[in-house]
Structure formats: C-alpha cells, structure tokens
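Novice: Listed below, chain by chain, are the residues.
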Amino acid sequence: MIRFARRHMLGLESYTRDELSFVLETAGAFKEISERNIKRVPTLRGKTVVSFFCEESTRTRVSFEIAAKRMSADFVSLTGAASSAKKGESLLDTTRNLDAMRPDIIILRHSSSGAAEFLAQRVACAIINAGDGAHEHPTQALVDLLTITEHKPVIAGLTVAIVGDILHSRVARSNIFALRTLGAHVRLVGPPTLLPPEAAQWGEVVHNLKEGVRDADVVMMLRVQLERQGRNYFPTIEEYARYFCLNEEKLGAAKPDVIVLHPGPLNRGVEIASDVADGPYSVIMGQVTNGIAVRMATMYLLVNRPSAELEEELAEARRAAVNGDETIATGRGF
Amino acid sequence: MAAKERVVMDADAVDRALTRMAHEILEGNAGSQGLVLIGIRSRGVPLAQRLARKIEGIEGAAPAFGIIDITLYRDDLHTALAQPQVRGTEISFDISDKTIIIVDDVLYTGRTVRAALDAIVDFGRPRRVRLAVLVDRGHRELPIRPDHVGKNLPTSLEESVNVRLRECDGCDQVVVLSPEGGK
Numbered sequence: 001m002i003r004f005a006r007r008h009m010l011g012l013e014s015y016t017r018d019e020l021s022f023v024l025e026t027a028g029a030f031k032e033i034s035e036r037n038i039k040r041v042p043t044l045r046g047k048t049v050v051s052f053f054c055e056e057s058t059r060t061r062v063s064f065e066i067a068a069k070r071m072s073a074d075f076v077s078l079t080g081a082a083s084s085a086k087k088g089e090s091l092l093d094t095t096r097n098l099d100a101m102r103p104d105i106i107i108l109r110h111s112s113s114g115a116a117e118f119l120a121q122r123v124a125c126a127i128i129n130a131g132d133g134a135h136e137h138p139t140q141a142l143v144d145l146l147t148i149t150e151h152k153p154v155i156a157g158l159t160v161a162i163v164g165d166i167l168h169s170r171v172a173r174s175n176i177f178a179l180r181t182l183g184a185h186v187r188l189v190g191p192p193t194l195l196p197p198e199a200a201q202w203g204e205v206v207h208n209l210k211e212g213v214r215d216a217d218v219v220m221m222l223r224v225q226l227e228r229q230g231r232n233y234f235p236t237i238e239e240y241a242r243y244f245c246l247n248e249e250k251l252g253a254a255k256p257d258v259i260v261l262h263p264g265p266l267n268r269g270v271e272i273a274s275d276v277a278d279g280p281y282s283v284i285m286g287q288v289t290n291g292i293a294v295r296m297a298t299m300y301l302l303v304n305r306p307s308a309e310l311e312e313e314l315a316e317a318r319r320a321a322v323n324g325d326e327t328i329a330t331g332r333g334f
Numbered sequence: 335m336a337a338k339e340r341v342v343m344d345a346d347a348v349d350r351a352l353t354r355m356a357h358e359i360l361e362g363n364a365g366s367q368g369l370v371l372i373g374i375r376s377r378g379v380p381l382a383q384r385l386a387r388k389i390e391g392i393e394g395a396a397p398a399f400g401i402i403d404i405t406l407y408r409d410d411l412h413t414a415l416a417q418p419q420v421r422g423t424e425i426s427f428d429i430s431d432k433t434i435i436i437v438d439d440v441l442y443t444g445r446t447v448r449a450a451l452d453a454i455v456d457f458g459r460p461r462r463v464r465l466a467v468l469v470d471r472g473h474r475e476l477p478i479r480p481d482h483v484g485k486n487l488p489t490s491l492e493e494s495v496n497v498r499l500r501e502c503d504g505c506d507q508v509v510v511l512s513p514e515g516g517k
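Chains L and F are the protein sequences, given in the same order.
Residues in the first sequence are numbered consecutively from 1, following my numbering.
Residues in the second sequence are numbered consecutively from 335, following my numbering.
Hints were generated in silico from the structure; no laboratory data involved.
Check each hint, because a few of them may be wrong.
What the hints assert, rightly or not - Below, a sample of chain F positions facing chain L; criterion: calculated Cβ distance under 7 angstroms:
(1) Gln383
(2) Leu406
(3) Leu411
(4) Val420
(5) Arg421
(6) Asp456
(7) Pro460
The structure presented is a predicted model; accordingly, all values stated were derived computationally and were not measured.
Note that the Cβ used here is the ideal one computed from N, Cα and C, for glycine as well.
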C-alpha cells in the first residue's frame, strides 16, 4: 500500500495523519542502523545528495550529511553562494546550476519563506526544506514527533506547550501543524510580541510561563532568535529571561513525567536554564540522535517514491487482489 | 486478473515439514550450540519462531532469534511495484562465530537471500550461514541454494506461490495461483 507519494518535503501543513505516522514509523526503523558496528546500508548507492545552506547550521547540516552517508549516497555541500545577490534571481541561477549537476535530492536552507517551494517548481530532483525563513522546518518537527512518541506512544490527547519566539520559528510552525493533525492539544506560550496573529487559531495562547506549562505532557522550548531581534520584541534579554526562561521551579507545574525538547542551539540562561537542559526531563540529546534516523527516512522515501505509472499499476493490482491474494499487494516480488 | 488457486500444503503438512527441518538443522549443527535463527520479514519471522520453538522442544535450549528487514538491501527498490515499507532489523546480539540459519517462506529468484546475506555481514562474521525455506519453487537467478527445504514445488513463471501463516493470515496453507485459462 502506498502511504507516501510526495515528490518533495517542503512543509508539514498539508500532511495527513496517515502520512505523518508512516514517515515516523519508517524513521523508527532506521534508528537501529546507527547502533551497528558498520553504520552503512547500500540503499542510496549511486544517488547524489546536494545540501545548499544559505543560513548557518550545525545540527541539521551534519545530520543530513551523516544520514546520506550512512545510506551510501554521494554528498555534496554548497554554502552561501547566493548570499549577496538579489534573492529571487540568485536562487533561480543557483537552481539552474544545481539542476545541471543532476542530483537526486537538494536540501535547501534559506532565509526566505517559500524558497524551497520556489526551487521545487523548477528542478527535476526532490527538494527537502531544511528551513525557509519563518515558514517551516519539516524534518526538525518530525524529529520532535519521533522523540515524543518514544516517551509517549500516543500523541493524540497530549498537552504540548510550545514556548518562546513562536513568531520567528519555523520549527514551531511545522510542529504546530503536525501536532494538530495528530490530535495533540497545542498551547502557545510567550510574550504577545513573539506570537503571530494566527496563534489563537492554532491553539490555546498563554502569556505566563508557569501557567503555560501547567499539566503539560511535553514542553517544547524554542530558541530566542537573537539574530532577528533588531526590532524591539522585548525590552532586554535579561527581562525576557526573567519571565520566560524555563527552570526547574517553573517546570514543576507540568506533569511529573513531562519531557522537555529544544531544537538547538541552546541559549543557556535565556530561554532554558541549565538545570532543565541537562536535567532528567530533558530529551534534547535524544532529539539529536533521532535527527539522523528521520533524515535517512525522509531521503529514502523521496528517492524511492513510486512513479505515477507504478501507482496506477498498484491500484490495478489492489483491484485484482480480492480473495486475500497478498502476493502482489505486499510487494514480495522476489 | 482472476487466478485459480490450488492448495499444495495444509496446516498439518506445514507443521510436519517444520518438524523435519528442525531435526535437520540440529543434525547439521550437532545440537543447538551457537545456533542463531534469523527470519526474513515478513513471513520468515513466524516460521523462524516456530522452528526455534521446535528446536527448544527437542534440545531443551532455545536458539538465539533475530529478524532481518532486507528492504534497504534490495536491488529492485526503484522498480518495485509497491513502496516497500522499512520495518527494521532486530539482531541484538553478536553473530560472530555463530551458525546462522536464514529462514524465509518461499525461495524463488534468490535475490532476497542475496540481500539478507549482505545485511548479515554488516553485523559481523558468522562461522557459517545456512538457508531454510518452507517452499523452493525454482527459477533461481543467482547461485544460491537452500540447505533445508520444507517442500520442493516445481512451478511455471506464470504461477505465484502464496504461503499463508496463521500469525499473519489466520491459517496455515501453501497455495499455487495460476492465471485463469493457464495449464
């Protein structure tokens, strides 16, 4: 049965519950590879993956590179080539260059919302959005969801508090869309200046940290994007920290088995105190480990997506496969 | 496409074949010492579990048991009819110097077994690897042969062989499906 037939991974807003569960199940199956002595499978042998990062990144870029290499893909890294040129045009020029190299996947990080989709419409290969402006960062949200399901198997019904700079956070947006699709109760916590106008439609809005994390199953901390703080969203970092830095005392209002996530990099003492970041409720390092499995699964699914022709054949096979004939439907072709 | 169905093994036949194979495996290995059964997803897994139980019943000691998912090692990923779902490999022990019995339901082209061998060597260096299948239907495309066979079943390429197991299909049965109008 085809449960994932997308050409690109641009954002989770349009993903169904079934698609999300399928990607998470697949990602879970990839975890074991990174625990082996020989951390390599031949699945993407002969495939070329290009990462094109126009913004800084440690975790995401390294995570994609390790994931690609553990699946035997050839990995090429381009950075910042379009940093000075005018956005639209330079991205298109770069697109032509990348396309000429015949990659199978381009992983794009760009400061403009919609950049990945722009590229997706103009190349033959698969595009993975590794963060576009304040829009989406789908693989990070999948990492967070996988990490949550490892501690709380059923996401439906969980209370998830997302805390901090939601206005600028693509991680938050991807998470909000996916968590809502999966049936979680989403609570958005932060000062009014860091909440987008749509916040009230996305979930319950709370402006006080302790109230925001009260009885939460999951607390998802966001990085205060200091590089985007040119305008005055809050008076000083110190004042922000006083009200919104998650420490053990404030976390005490949450459920006793709460887990705390953070996509990194941490601003210790700004949005998260070290007693929480390094404490027993933190699953932050688990997120980093899961990043590789999620990115392996994403690349696997995009490269091995069924063609339109095969989809048609499969639909026919399904029609033929009455009487419990499983031979075709289970794909045991050999 | 309508298919004609012919039952070639019923539940008793499947069970008798597995009992014999369990004895053969023990005979070949001179006991259950260092023995590891690895089932290939999906129907090799319940078969390997049953063989392990039978071996335990005979010897008193259960062999180690693992599961292998060959999806990531397939050579037809890009042409596969369905989208193969990755469900993961579970080998939580060291396989070095062990005797591994790969277990699957049907041996056909041999490509699944090739993939399984590639996967196994990524986990270590077993002392030897043997192959046990419930049905050998012929038509090999690679130089691979089984060591323990439940039933040799000559088939034509137009036919398909379907192993049904109660763990996943509700009953134990091996059937041959031939296209309507065929011989």
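Novice: Indicate, hint by hint, whether the structure satisfies it.
Specialist: Results for each hint:
1. Gln383: 19 angstroms, violated
2. Leu406: 4 angstroms, holds
3. Leu411: 5 angstroms, holds
4. Val420: Result: holds, 4 angstroms to nearest chain L Cβ.
5. Arg421: Constraint on arginine 421 (chain F) satisfied, holds at 5 angstroms.
6. Asp456: Nearest chain L Cβ about 5 angstroms off; hint holds.
7. Pro460: Check failed: Cβ of proline 460 (chain F) comes no nearer than 14 angstroms to chain L, outside 7 angstroms.
Checked against the numbered hints given earlier, this structure breaks hints 1, 7; the rest are met.
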